[in-house]
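Enquirer: Position chain B against the provided structure of chain A, taking the given hints into account.
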Amino acid sequence: MATAEAAVHSEGKAGGTPAGGLWSWITTVDHKRIGILYFLSGLFFFLVGGLEALMIRLQLMVPENDMLSAEAFNQIFTMHGLTMVLFAVMPMAAGAFNYIVPLQIGARDVAFPRLNAFSYWLFLFGALLLNSSFFLGGAPNAGWFAYANLTSSQFSPGHGMDFYVLGLALAGAASIVAALNFIVTIINLRAPGLTFMRLPLFTWMTLVVSFLIILAFPPFTIGTIFLLFDRMFGTLFFEPSGGGDPVLWQHLFWIFGHPEVYILILPAFGIISDVIPTFSKKSLFGYPVVVYSGILIAFLGFGVWAHHMFSVGLGPIANSAFSGLTMLIAIPTGVKIFNWIATMWGGSIRFRAPMLFSIGLVAMFTIGGLSGVMHASAPADLQQTDTYFVVAHFHYVLFGGTIFGLFAGIYYWFPKVTGRFLGERLGAAHFWLMFVGMNLTFFPMHFAGLHGMPRRTFTYPAGLGFEGYNLMSTVGAAITLLAMLIFLFNFARGLRSEATAGANPWKASTLEWATSSPPPVHNFDVTPEVTSRDPLWNDGVALPAGEEKFHMPNPSYWPLVVAGGILVAAAGALVGLPVALLGAAVALAGIYGWSFEPIH
Amino acid sequence: MERTSTGVPNEKMLMWAFIGSECMLFGSLIATYLAYRGRSIVGPYEEELLNIPFITVTTFVLLMSSLMMVLALSAVQRGDTRGSKLFLFLTALLGVVFISGQVFEFSHFVHEGLGLGRNLFSGTFFLTTGFHGAHVTVGVIWLLTLWAMAMRGKLGPEKSLKVEVAGLYWHFVDVVWIVLFTIIYLMSGASGA
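Here the protein sequences line up with chains A and B, keeping their order. Everything in the first sequence is counted per my numbering, starting at 1 for the first residue and increasing by one. Everything in the second sequence is counted per my numbering, starting at 601 for the first residue and increasing by one.
Bound-form chain B, shown alone:
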């Protein structure tokens, strides 16, 4: 690896700085969501629609994908090719399950009359969670690419930095979801059952 002044690899520092920038992106979305909460003029309103038990399940799925990511990185670093393939695939798969849950939720909301331009809740909700969903989708494509490399035997321990950087991104996207889950769902006043 190239010499760097700090000893931290360039790619890793790039991802950390990018995450800093992303915090301002999601921060702006979250601030808007909070500023507009409860200010919709017409329904359907958030507390009528949000299904906390369902999203709790998909949140759990996303958190488990972070665990799989940790195991994948460890497998790649150890040179464990079987583990690399398995855990990278599982991480991506759990990401796909999460996204499917979001697609189901969105279409259910639209079916209930919450079109994108319906009220302030629809705009802020779809854009904030949609932005997050887009990030998960990018992460899934990235993970599947790494998985394809592993399947062709091109992801040895010397390439573990690639997996580590992807992992940083994936964990960050998960952390953002924990914040969104808390603010949008748990603090919504929707009934828990």
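The following block holds chain A by itself, in its conformation from the complex:
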């Protein structure tokens, strides 16, 4: 059995700094390194999705534009949605889950470190497989919700939809595996005394999101398997001529798709529920209510999927029920808004970059929430469906909500991860430009939509009154691009600045700030004992002196082998049976290598 010191040496230099080169990153099972990999991959795909958004805005800047063909436009808006939802926001949030949650609960790592590495590689391969379609005959072009029977082999004869099915199958499986890991980690690896009602809100929301993921992704997986069989083996699931019903796809998709929007927003809610108390020097107002409303949002989130389907014609009873349930969700969400405001009320507020983005979230999400309640009314929604009004709504919650929350987290935890600060003035410039840019982009879309501009159409005729709104949106997108360039510059400069952060630069209250920045590979020299909800503010944590014996897991390449085998098997569905069998054999061999590998 290795002592603490020996374990540190076996992983290279202490302090979490990159050591041992590329191979050590490929074989890493350290949650902090996996978190960094997740985050950087997510940031990369955020830039890819952002470029796709810019192409959309350039195409729509003027009427009757022919910069992009209709086909190219369809591919780009489809990939913009898929990339942002599944390969930018989810992995950036997963980066924070990975890096921060074990620190917040006083654990040495997640419950299953190798499984954690496996989730990362599988996610990455799914993202690469889907994006490779651009170079292999065309990307999927039926929208991120890919309604049947647009997606049948009759109407989508190319391979784009096959890439959709296979890429998302890999990414979905990766998300489920990661979520299972975090459920066990949070329930089972909490430090002594860290009861559920003392958990930081970010950890709480990670737990809630993990449950959403394991319950919401399987119906979607089944839907994509039906689609795959329809396309490859001639089954009739979504084929009206054989008695199949395309609306089945919509049900299976939205039973996943609606919880998915809470999978995207709840991590951001968790982040700002940690940030706002820190920068207000006040405990979170009404902690139990914030926790319970988060759980309630997730619970109700499973009962509202058909509000995406009001125009299908499910009948007045179904529409009324889904309207009512949808409006109900506004209550726990509104409760949270008031909790954040009440936390700031009477606090001594420091307007640092993380706080700016958090307050931005509260304001922008409220706007998106209000238009959300408008959609909840089925008769009103029938006028808004498939117009830019909907695009405006969900970008206020996803950009104004989720992206602002993630940036709050980036500015907040950058010192913990690197030991360095991001520039404050550049951070403020980033925030204000992005705030102006996103409002200029998305607010006019409300009006364009109410004037009847349909979404997902590659151009529009002149003289319908859409020109001004679209030009404003494109200018807003350019401002957002400028904000992103400032952020990237700030990020690169921050990495080279002096390491002056220290353990707890923001004087925050939660456990991740009790260890050095960056933390050592084993996180804490001794297991902390917690006696309060804000442990670092009121002597609520004991770090007993002395030496503790523990062992850290060995690096392993088997997670990569198994994920690679699954990638080859998935590609085999397009290339041919022998390749699929080869991939399956590699994955199976990898599972055996993994199972019989000594862990410590």
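Please note that a few of the clues may not be correct.
To be verified - Facing chain A, from chain B, some residues (calculated, C-beta under 8 Å): (1) V608; (2) S621; (3) M624; (4) T632; (5) Y633; (6) L634; (7) S640; (8) S666; (9) L720; (10) G723; (11) L727.
Calculated directly from the structure, the hints in this document are not laboratory data. The model shown is predicted, which means the values in this text are computed figures rather than measured ones. C-beta atoms are modelled at their ideal positions from N, C-alpha and C, and glycine is treated no differently.
Expert: Same frame as chain A, now just chain B:
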């Protein structure tokens, strides 16, 4: 064993959470099966094909495999090496018998003209029961691996958690079959004889 906050081993909690996720997977398949029942436009139809007496026998075989699984776990926990080998092997063997019955049933249906893309019944039936069959197959491979460990004397009582987790999975797959047997076969309107 490592300390955990709840006292429940991590591996066991992982399997329980996984089973929760699997419920949504099979739930989606079952919901689709029910939604499309009786909506096939062309035959052969379910009530002409399903052979309830035959599947009752293979269902009984699968249930007996769950009994063998319980006995295997108990043997491993007691350190009874002979019992461990015997019952793990029997569990896997009964699983193989069940799968063989399914292979026979599938090929019989195809022979009767029910290709995969024939009608709505064929698609929903083959995918739902096929998914279950794939789960049984994974379970058989898992059990045979444990059996091989037992044969080499590497499955002592200290490793009983491995068997317990495999058992949780195996029992879950059996429970799913009880639901599928009820919904697909018993409620099909096919004649019992």
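Enquirer: Hints numbered earlier in the text: which of these fail when held up against the supplied structure?
Expert: 5, 6, 8
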